[in-house]
Amino acid sequence: MTLITHAFDALAKSEKEAFGAPDHPVLVVQHPIGTVKLEEVYKRADAAFEKLVSILLAPEAARAKVA
Amino acid sequence: MATAVPQAERFEIPDDLWAAQAFFEEKGWSDGLPIIPPTEERVAQMLAATKRDPQQVIGAVPPRWAQATVEKIAINGVMAGCKPEYMPVLIAAVEALTDPKLNLYALQATTGGPAVMLIINGPIRKAINVNGGSNALGEGWRANATLGRFVQLVKRNIGGSYPGTTCKATLGWPGKYSICIGENEEASPWEPLHVERGFKKDESTVTAISADASVRASDLDSSKAVGILTNFAHRMEGPSGPEAIMVICPEHARIIAGDGFSKKDVQKFVWERAAYRMKDLPDETFAQRVKRRSDLKLTRESVIPVTDKPEDILVIVAGGDGSQSQYIHVWGQSTPEGGSTRSVTKVIRD
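Line order of the protein sequences matches chains A and B. When you line the first sequence up against numbering that gives the first Met the number 0, it's residues 0 to 66, in that order. When you line the second sequence up against numbering that gives the first Met the number 0, it's residues 0 to 349, in that order.
Rather than coming from a laboratory, the hints here were simulated on the basis of the structure. Mixed in with the good hints there might be a few duds.
To be verified - Calculated cross-link-like contacts (lysine-lysine; reagent style DSS-like; alpha-carbon spacing at most 27 Å):
{"no.": "1", "chain 1": "B", "residue 1": "K296", "chain 2": "A", "residue 2": "K12"}
{"no.": "2", "chain 1": "A", "residue 1": "K50", "chain 2": "B", "residue 2": "K100"}
{"no.": "3", "chain 1": "B", "residue 1": "K167", "chain 2": "A", "residue 2": "K36"}
{"no.": "4", "chain 1": "A", "residue 1": "K42", "chain 2": "B", "residue 2": "K290"}
{"no.": "5", "chain 1": "B", "residue 1": "K100", "chain 2": "A", "residue 2": "K36"}
{"no.": "6", "chain 1": "B", "residue 1": "K263", "chain 2": "B", "residue 2": "K100"}
{"no.": "7", "chain 1": "B", "residue 1": "K290", "chain 2": "A", "residue 2": "K36"}
Extracted from the complex, chain B is given alone in its bound form (with noise of 0.2 Å):
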């Protein structure tokens, strides 16, 4: 259990809680939801369920590159409505968010205005009841929601991402207030994503990735893989991105390995398929391809795949009865250098 005295600025704030959340909103820490007031005893709680010191410094957050403590987690964790057996996820989830790779300040800022997605993998997510099946990308789950807001409190909160003038997103879109999801790994017919990257299958962990708004990838119609994953492809079609995230619903994952299909074999058939075609741009259009992508000597015939690789699809399983998987776009540029994001996955302790 944490020691040290916590040493964060104290606020009077009123009893009343419309009183209180006004003055949330006047201070700027408020993501329009109502806040839980971060009081001395929830803060307390939260800082209990780590053995982390709470002045260690997990890590910086732009775009103020304000210094992320483990107390400041843990204030922001009660904020964005989350339990204080959330708090090692909430570390996690910020080690990720400020590793160099992510790349937050590009996400920050950049009027293209992506979310950061959490996925949990591992044990943690029935141990904080973390909903990867039905409604896995819906409303219901206290841990999706909270966790996922978190992200989004962290940014405010610590790094000083404003919209309008800090945070440049021309629309954003409702994943910024919270994107959270567990992978269904009960119902997957292949390795979870953690044991994809190299961790046991009984460690946790969670991976920050850039996400833009979904687009269903339905289909009632196919009975194989082929099909399922052609259609797939299609809903993935356009400009492409650093990574690309395919969740795919158990009853088309049964169907996909069914037919023989590994993680891998997916990933080349969509990646084959789902394609910017050249031949289909306005002239001006055709013109700034070229130039911005150089290195891929693009003719009038070319296509330029979702992502640079194959192996940068991710793919993983969740939700529900039904035929509906999603797509989910990557923000950032593919570039020659390996893109301006990359999705992070850091192991969870205690």
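In isolation and in its complexed conformation, chain A is listed as follows (with noise of 0.2 Å):
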């Protein structure tokens, strides 16, 4: 799967059209992530993990629509 923040959403579905993988799960955070406080980039890892671990937790064929 792959982490994006939500500012780069359109290129992430471009790159899954371009290779061919429609239902690659992509998990997508708030942006930005670089000039945020350090707590706030602790407070959008808290709310994505429990999101994550279920995308890898699902049987594959799942994953895109869990994400």
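With the hints as a guide, bring the two chains together.
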């Protein structure tokens, strides 16, 4: 799976199509992460963590739907 | 001469030029400047200027990873305003653009917004009139203007790079429209870039390199190499890159070489002085640098040189009269693995 910020959503979609992998799971977190305080980064990571685990534990064919 | 039948899709477009431009804009095929309509006749003239088969694939262009065939290269060459005799340069340019070492995907996708600069070496410069003299980075020469623009149109029309979605440049800069320069080999006291890189002097090459906006390294006060190069190095201070470009004007080059400096001496002298000084950084920035380059074991007394190695500084001679050189920062991280992008030089063949 791939983890991105939402600013790169369209690019990720384009890449999935280009590589013929429309079901590749992509987990999107809020942009930006480079210029926010560390506590905020941890907060976003915590918020994404449960979803990340559920994607990784899902059967491969169902991962995109979970994401 | 190529004989295979072109396979690109055909469109009926209005004869009226303004209406045709509206069509190109609606399709998303324009960089904002007027497009030369790639009619069958014009594309055929481009294809006649190469021995390659129109359907030969030269490389895959990110982010769409679409195949750049010779035919598609010809079409985008026409659209950019290139002359048929540029065709071998266009093919070599796409070979360079699609070489994995350049990492065009990263250059397209980054918020950094670099251009891809072309540096032309060898006899082809004279044959197609690529400017390496006065105003070499400015306007006025069709070859420079349209070869650079061709790069942008290939990224857009073959690669699918669209600002805001698949091109994530925060600002970009005007060099993204076009940046192409010939090295002024005749005015250089040193061997040209392509010879440094193992090509013969009578071969022609195109070098593709990531490029941010340039900084003028003016110096009318120094009459010695040490002065010119010290002042030049100050212009290069700040965050490092995987490579750096020194465009040295002929007047400066003559003084520097006259004082016995080889190109390697220039690289070493500047590399030892152009630095990112950790003592000057705010605490938070310093802490981030320490994390990013843990391999360097940075302290407040450390300096990060402009590139990891002196030989990563490209030294080319270009320009006309005047004591005005330029520094061009190369976008990308210098990393323990050698950097996120590297310049690529390809020989130009028929």
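Hints, verified against the model:
no.: 1; hint: B:K296 / A:K12; result: violated, 38 Å
no.: 2; hint: A:K50 / B:K100; result: violated, 35 Å
no.: 3; hint: B:K167 / A:K36; result: holds, 23 Å
no.: 4; hint: A:K42 / B:K290; result: holds, 20 Å
no.: 5; hint: B:K100 / A:K36; result: violated, 34 Å
no.: 6; hint: B:K263 / B:K100; result: holds, 23 Å
no.: 7; hint: B:K290 / A:K36; result: holds, 15 Å
Hints 1, 2, 5, counting from the list given before, are not met by this structure.
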